[in-house]
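Visitor: Protein chains in written order, with my numbering: chain A, 1 to 259; chain B, 260 to 456.
Please note that a few of the clues may not be correct.
What the hints assert, rightly or not - Under the rule of at most 20 angstroms between Cα atoms (straight-line distance), these lysine to any residue pairs were calculated in the SDA-like manner:
1) K93(A) with P355(B)
2) K25(A) with T279(B)
3) K25(A) with R326(B)
4) K99(A) with R294(B)
5) K99(A) with T279(B)
6) K102(A) with P290(B)
7) K421(B) with N452(B)
8) K15(A) with E336(B)
9) K99(A) with N452(B)
10) K396(B) with D416(B)
11) K333(B) with V9(A)
FYI, nobody ran anything at the bench for these hints, they're computed from the structure.
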Amino acid sequence: MHQRNYMFVFFSVQKALFLREMNSKFSTSRLGVFWTFFQPFMQVVAFVLIKMFIFGRGDEHFDYAVFLALNFTAFNMFNGILGKSIGAFKANKALFNYKQVKPIDAIIAGSLVEIFMTGIVYSMFLFVGYYFDFGMEGKNILMVGIGLVWLIVFSFSFALVVAIGDTFYKSIGKIVKIFTFGLMIFSAVFYPVASIPPEGQAILLYNPLVHFMEIIHGSYFHALDTRYVDYTYIAIWTITLLYIGMWLYQRLEKKIISG
Amino acid sequence: MTLPDGNIGILGRNGMGKTTLIRMLGRIEFPQKGRIASAQTFSWPLSLSAGFIATMNGRSNVKFVCRLYGKSDKETEDIIEFVKDFAELGDYYTMPINTYSSGMRARLNFGLSLAFDFDYLLIDETLSVGDASFRNKAKEMLQKKIEQSQILLVSHDMKTLKDLCHIGLLVHEGELHYFDHIDDAVKAYEEINKKAK
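Using the sequences and the accompanying hints, generate a full structural model.
Guide: Structure representation (C-alpha cells):
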C-alpha cells in the first residue's frame, strides 16, 4: 500500500465520520429520521403558539413565526456544534487507533453533521412557509448567508476550545452546559434587540450571539436592520477563539491521541 | 537504531513497553525523544483493546474502516465478505460490537487487517486469544500473508515467534536490544526471566 495524499486522507476520514454519525442517528430507531427533523420544527410551532396565546398577535411589522424559525434554527446549530464538542475526544477515543483520524477531525465532522441537519430543517421551513404563504420575502439573503457562515466559524472555534479544555479539566464541560442552558433567552432569538429598552440593549450586546442573530434577522426582514451589530466585536471574538483553539490544539494533539 | 526489512518478533516482560513500541510505530503514541522514520506503511496496531465503535455492528465497523482508507464501493463489498468468511462470527456480524466477547473482537480485527495491504502488520498479542482452531487458521493466514508483506509481532508464545519471525527485538528496562536471530532474542529473554526468579 502506498502512502496517500494528505487531502485524500482528510476527505476519506471526513466521509467515514460523517456517514457513521448519520448512520447512528437514523438506525437507532425507526422514528429516528422523523424526530431529528420534526423536533426543531415542533419547537418553533410551540413557541409561536405560546406567544400568540399569552401576548396576542403583537404589533411587529414582520412575521413572527418566520422570525422564530430563522433564529431558532441558527441558534440550534450553534448549540449543537458546541454540545457535541463536550466529551468529543473521549467519545471518539477508539477511532484514534487509526492514525489518520486526528482529534480535530471529530470536531469538524460533528460540525458538518450539524450544518447538514440545519440545512435540512431550513429547507423544511422554506417549504412549509411558501406552501402556507407566510411572509417569506427576504431583504438581503446574501447577508443572511454570510451571517450563518460566520456563525459556523464562531461555533467551530468555540467548540474546539471547549473540547480541548474539557479533555483536561472535566468542569469546563459542565460550566459550558450550565451557561448555554439559559443562553437562548439572552441571545435575541425570541425578539429583535430593537424591542428591548436601551439599558437592556447595552448588556445584551456583550453577548456575541446577539450580534449574529441581529445580522441574520436584521438582513432578512425589511422591518428590521443591522444597526446594533458591531462587526469588529464579533470578529475579535471569532479570531481570539480560533487562535486559542488552534494554539492549544497543535500543542496538545499528541497528548489527546495517546492520552 | 536502524531495523532491516523482515518479520520482527518483539519480546519483553510485562510493562516494559512492548505495546508502547507498537503504538509508536502505528503513530498513535509519540516518542518523548528522538524520531521514528520509515518509508513503509504500517497497519493500525492490532490489540485486544481494538479500535471499534462499540455501538455499531461488526459489518458497519468494517465499512467504516474501509472508508477511512478510501476504498471504493466495490472493494468495500469484497472486504466485508472476506471478513465475514474469515472471522466466522455468524449472526454476530450484524450485532453491536459491545455484545462481542474479546475473542470475537480479536477475530474481527485480525480478519479486517488481513484485508488490507500494508507493508507491515502490527500485531500485539491478538493471536493468543481465540480458540485453538481459530489460532491455527490465523497462523496459517499469517504465513500466507508474510509472503507479500511483513509483520511486527508481540507475543509471549515463543513457538509462534520462532515460526513467524526471524529478527528479534527485546524490550527490557527502557532499552531496546536487537538480535539478528529470533532464537538469540528468545534465549536472552529466558535469561532475564531466570534472573527475575
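Visitor: So, for every hint listed, does it hold in this structure?
Guide: Hints, one by one, checked against the model:
1. K93(A) with P355(B): Holds - the C-alpha atoms of P355(B) and K93(A) are around 17 angstroms apart, at most 20 angstroms.
2. K25(A) with T279(B): violated (35 angstroms)
3. K25(A) with R326(B): holds (18 angstroms)
4. K99(A) with R294(B): holds (16 angstroms)
5. K99(A) with T279(B): Roughly 14 angstroms separates the two Cα atoms, so the pair holds.
6. K102(A) with P290(B): holds (17 angstroms)
7. K421(B) with N452(B): Answer holds: K421(B) to N452(B) is near 18 angstroms, not above 20 angstroms.
8. K15(A) with E336(B): It holds: about 17 angstroms lies between the C-alpha atoms, which stays within 20 angstroms.
9. K99(A) with N452(B): violated (34 angstroms)
10. K396(B) with D416(B): holds (16 angstroms)
11. K333(B) with V9(A): Holds. K333(B) to V9(A) sits at ~19 angstroms (cutoff 20 angstroms).
Checked against the numbered hints given earlier, the structure breaks hints 2 and 9 and satisfies all the rest.
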